[in-house]
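Chains G, H and F with the ligands: place on chain L using the hints.
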Amino acid sequence: MTDNSTVTADRRDGLAVIYTRGYINNQAGEEIARVAYSLIDEGHKALLLNLEGTTIVNSIGISILIEIIEKMIEIGGRLAFCRLTPTIDKTFHIMGLTQYAPIYGDEATAVAALRG
Amino acid sequence: MTDNSTVTADRRDGLAVIYTRGYINNQAGEEIARVAYSLIDEGHKALLLNLEGTTIVNSIGISILIEIIEKMIEIGGRLAFCRLTPTIDKTFHIMGLTQYAPIYGDEATAVAALRG
Amino acid sequence: MNGQAILREVTLTLPMAPDMEVAASKTATAIAEFMKMSPDRIDEVRMAVIEACINAFEHSHSPDRQVTMTFEVVGKGEPEELRITVRDSGVGFDPETIEEPSIEAKLREDRKRGWGLKIIRGLMDEVEIHSGREGTTVVMSKRRR
Amino acid sequence: MNGQAILREVTLTLPMAPDMEVAASKTATAIAEFMKMSPDRIDEVRMAVIEACINAFEHSHSPDRQVTMTFEVVGKGEPEELRITVRDSGVGFDPETIEEPSIEAKLREDRKRGWGLKIIRGLMDEVEIHSGREGTTVVMSKRRR
Ligand SMILES: Nc1ncnc2c1ncn2[C@@H]1O[C@H](COP(=O)(O)OP(=O)(O)O)[C@@H](O)[C@H]1O
Ligand SMILES: Nc1ncnc2c1ncn2[C@@H]1O[C@H](COP(=O)(O)OP(=O)(O)O)[C@@H](O)[C@H]1O
Numbered sequence: 001m002t003d004n005s006t007v008t009a010d011r012r013d014g015l016a017v018i019y020t021r022g023y024i025n026n027q028a029g030e031e032i033a034r035v036a037y038s039l040i041d042e043g044h045k046a047l048l049l050n051l052e053g054t055t056i057v058n059s060i061g062i063s064i065l066i067e068i069i070e071k072m073i074e075i076g077g078r079l080a081f082c083r084l085t086p087t088i089d090k091t092f093h094i095m096g097l098t099q100y101a102p103i104y105g106d107e108a109t110a111v112a113a114l115r116g
Numbered sequence: 001m002t003d004n005s006t007v008t009a010d011r012r013d014g015l016a017v018i019y020t021r022g023y024i025n026n027q028a029g030e031e032i033a034r035v036a037y038s039l040i041d042e043g044h045k046a047l048l049l050n051l052e053g054t055t056i057v058n059s060i061g062i063s064i065l066i067e068i069i070e071k072m073i074e075i076g077g078r079l080a081f082c083r084l085t086p087t088i089d090k091t092f093h094i095m096g097l098t099q100y101a102p103i104y105g106d107e108a109t110a111v112a113a114l115r116g
Numbered sequence: 001m002n003g004q005a006i007l008r009e010v011t012l013t014l015p016m017a018p019d020m021e022v023a024a025s026k027t028a029t030a031i032a033e034f035m036k037m038s039p040d041r042i043d044e045v046r047m048a049v050i051e052a053c054i055n056a057f058e059h060s061h062s063p064d065r066q067v068t069m070t071f072e073v074v075g076k077g078e079p080e081e082l083r084i085t086v087r088d089s090g091v092g093f094d095p096e097t098i099e100e101p102s103i104e105a106k107l108r109e110d111r112k113r114g115w116g117l118k119i120i121r122g123l124m125d126e127v128e129i130h131s132g133r134e135g136t137t138v139v140m141s142k143r144r145r
Numbered sequence: 001m002n003g004q005a006i007l008r009e010v011t012l013t014l015p016m017a018p019d020m021e022v023a024a025s026k027t028a029t030a031i032a033e034f035m036k037m038s039p040d041r042i043d044e045v046r047m048a049v050i051e052a053c054i055n056a057f058e059h060s061h062s063p064d065r066q067v068t069m070t071f072e073v074v075g076k077g078e079p080e081e082l083r084i085t086v087r088d089s090g091v092g093f094d095p096e097t098i099e100e101p102s103i104e105a106k107l108r109e110d111r112k113r114g115w116g117l118k119i120i121r122g123l124m125d126e127v128e129i130h131s132g133r134e135g136t137t138v139v140m141s142k143r144r145r
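Protein chains in written order, with this note's numbering: chain L, 1 to 116; chain G, 1 to 116; chain H, 1 to 145; chain F, 1 to 145.
With the rest of the complex left out, here is chain L (with noise of 0.2 Å):
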């Protein structure tokens, strides 16, 4: 049930997208924070989350993300989600995440609009 969340990176000429897999709690969160830390600390300053491995998060694992969100707007770069399950997508709402983060429906626009 936990699936022991993977996070995993794909680097793309100062972008780099981030996948996760399985349940977002607060350790998927920690772990995908130290992949997306270790990648800023490389030079990318646009990050984007590929959530289509994920179908449940809580509101702790979220909290995490809030946090790269905040050192994104810091260093100046830019970070946005892309394949949200509808719930997930319908909470990020809830929360306003969405103005500091953008939503897009498949990571090939995603990707278009962080280098746009």
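Derived from the structure by calculation, the hints contain no laboratory data.
Just so you know, not all the hints are guaranteed correct.
Unchecked claim - Here are the simulated DSSO-like pairs of lysine-lysine, each with C-alpha atoms no more than 30 Å apart in a straight line:
hint	chain 1	residue 1	chain 2	residue 2
1	L	K71	H	K76
2	H	K76	H	K36
3	L	K90	H	K112
4	H	K36	L	K45
5	G	K90	G	K71
6	L	K71	L	K45
7	F	K76	F	K112
8	H	K112	L	K45
9	L	K45	L	K90
10	F	K118	G	K71
11	G	K45	F	K76
12	G	K71	F	K36
13	L	K90	H	K36
14	L	K90	L	K71
15	L	K71	H	K36
16	G	K90	G	K45
17	G	K71	G	K45
What the hints assert, rightly or not - Stretches of chain F that chain G covers, calculated by requiring three or more beta carbons in the stretch to come under 8 Å of a beta carbon on chain G:
hint	stretch
18	38-49
19	99-113
20	117-127
Every residue, glycine too, gets a C-beta built ideally from N, C-alpha and C.
Just chains G, H and F with the ligands now, kept in the frame of chain L:
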């Protein structure tokens, strides 16, 4: 959850394949029996039950399948199963069903065996 | 309750331990599927259940370390609504004193947490919180469609 | 129990009503997934739970029309076994008097039913039945692997 299990039949020149969907409980078992008896009435002497759309059965549903097997023996016909989950396969073996209704992995093999 | 009856009532008692909220959410899913709620609405219920359980696990400090949940399928003849009660016998809290979180404030503050109740209220159709010295009871409902 | 402890204990109370056995089987699945049982073994547990619930629904004639289930994750530190108890407060029966079904006999007899206990015993690693005037308790266990 009950999925209002639907049963469909594919008639192929003396042989017919019955496809199930969802939980095979008493209602779905009776639905399968209705379809099987009408295929028998039409003159089909070889029936294949393809359970690829079913991941759960209960013993009440299976007992109705035993009635169909009995009927097939009575009329000198043949009945086989294919595409069972490992648990349904194991259950049919536990019950000894397989002595009277063989189990095949895929549909093509089952059809060939029933015709052969 | 304008003629509504409880068509099914299921009770689940869980330990306050990691991942048990996922077990709770799967039981909720099973009942919601039984009443043929649409998949998107089921998913919203699932997330609300996770949040309500985590709150009880984290904040209740209940000595028995257990959460009791009731799932009631309510309707006139046909299932119309799923009512979920999440109960702990912990320290309780006053929901009135909880500040509504905002993303602007959270981006500045150190504590990014504090979203659970807002998410529950946003995803369910009706939410009531009863809390006091005997603990906390969250009653949340979602219509079938 | 040679050093084994109960790592998690979840209780579920269900009405004896159509399809509620499926809700029970999904809760069982959630707990088995939590302990990382292999999918094939989980599926076997799921089927055994369905059979045990249906027996209680059909045969117990319990006046309260409820089944209580306990799911215990047992192990030394790591989860090793899932122990499921299915309890009704019905009329009870004497398992010794139940004839072992055989397909040969069933093909001749009018009553094709009578497979539930055989299936439960075949799919679980250990099964105990306690039954009497106070009702029936089936305790069935499955090792994680
Ligand atoms: N079951 C509970 N028992 C005690 N306090 C609770 C409970 N649920 C919520 N609270 C209080 O309400 C606050 C807000 O909860 P919530 O919106 O879910 O955010 P978070 O859990 O991230 O703090 C908690 O920090 C806690 O003080
Ligand atoms: N919970 C129960 N309460 C009372 N009697 C039971 C219970 N479970 C099983 N039995 C008895 O054992 C018999 C065999 O059960 P089973 O093997 O599951 O087959 P079936 O349910 O198809 O009869 C039942 O017919 C019933 O007489």
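Hint check results:
1. L:K71 to H:K76: Violated, at roughly 52 Å.
2. H:K76 to H:K36: Measuring from Cα to Cα gives roughly 15 Å; hence the hint holds.
3. L:K90 to H:K112: The given pair, whose Cα atoms are some 19 Å apart, holds under the 30 Å limit.
4. H:K36 to L:K45: 45 Å, violated
5. G:K90 to G:K71: 23 Å, holds
6. L:K71 to L:K45: 10 Å, holds
7. F:K76 to F:K112: 43 Å, violated
8. H:K112 to L:K45: Cα-Cα ~22 Å, so holds.
9. L:K45 to L:K90: 26 Å, holds
10. F:K118 to G:K71: 24 Å, holds
11. G:K45 to F:K76: It is violated: about 56 Å lies between the C-alpha atoms, which goes past 30 Å.
12. G:K71 to F:K36: 43 Å, violated
13. L:K90 to H:K36: 21 Å, holds
14. L:K90 to L:K71: 23 Å, holds
15. L:K71 to H:K36: 43 Å, violated
16. G:K90 to G:K45: 26 Å, holds
17. G:K71 to G:K45: The given pair, whose Cα atoms are some 10 Å apart, holds under the 30 Å limit.
18. 38-49: Held - the stretch 38-49 of chain F has 5 residues with a Cβ nearer than 8 Å to chain G, which meets the minimum of three.
19. 99-113: n = 8 at 8 Å, threshold three: holds.
20. 117-127: The restraint on the stretch 117-127 of chain F holds, since 4 of its residues have a Cβ under 8 Å from chain G and three suffice.
Comparing the model with each earlier hint shows violations of hints 1, 4, 7, 11, 12, 15; every other hint is respected.
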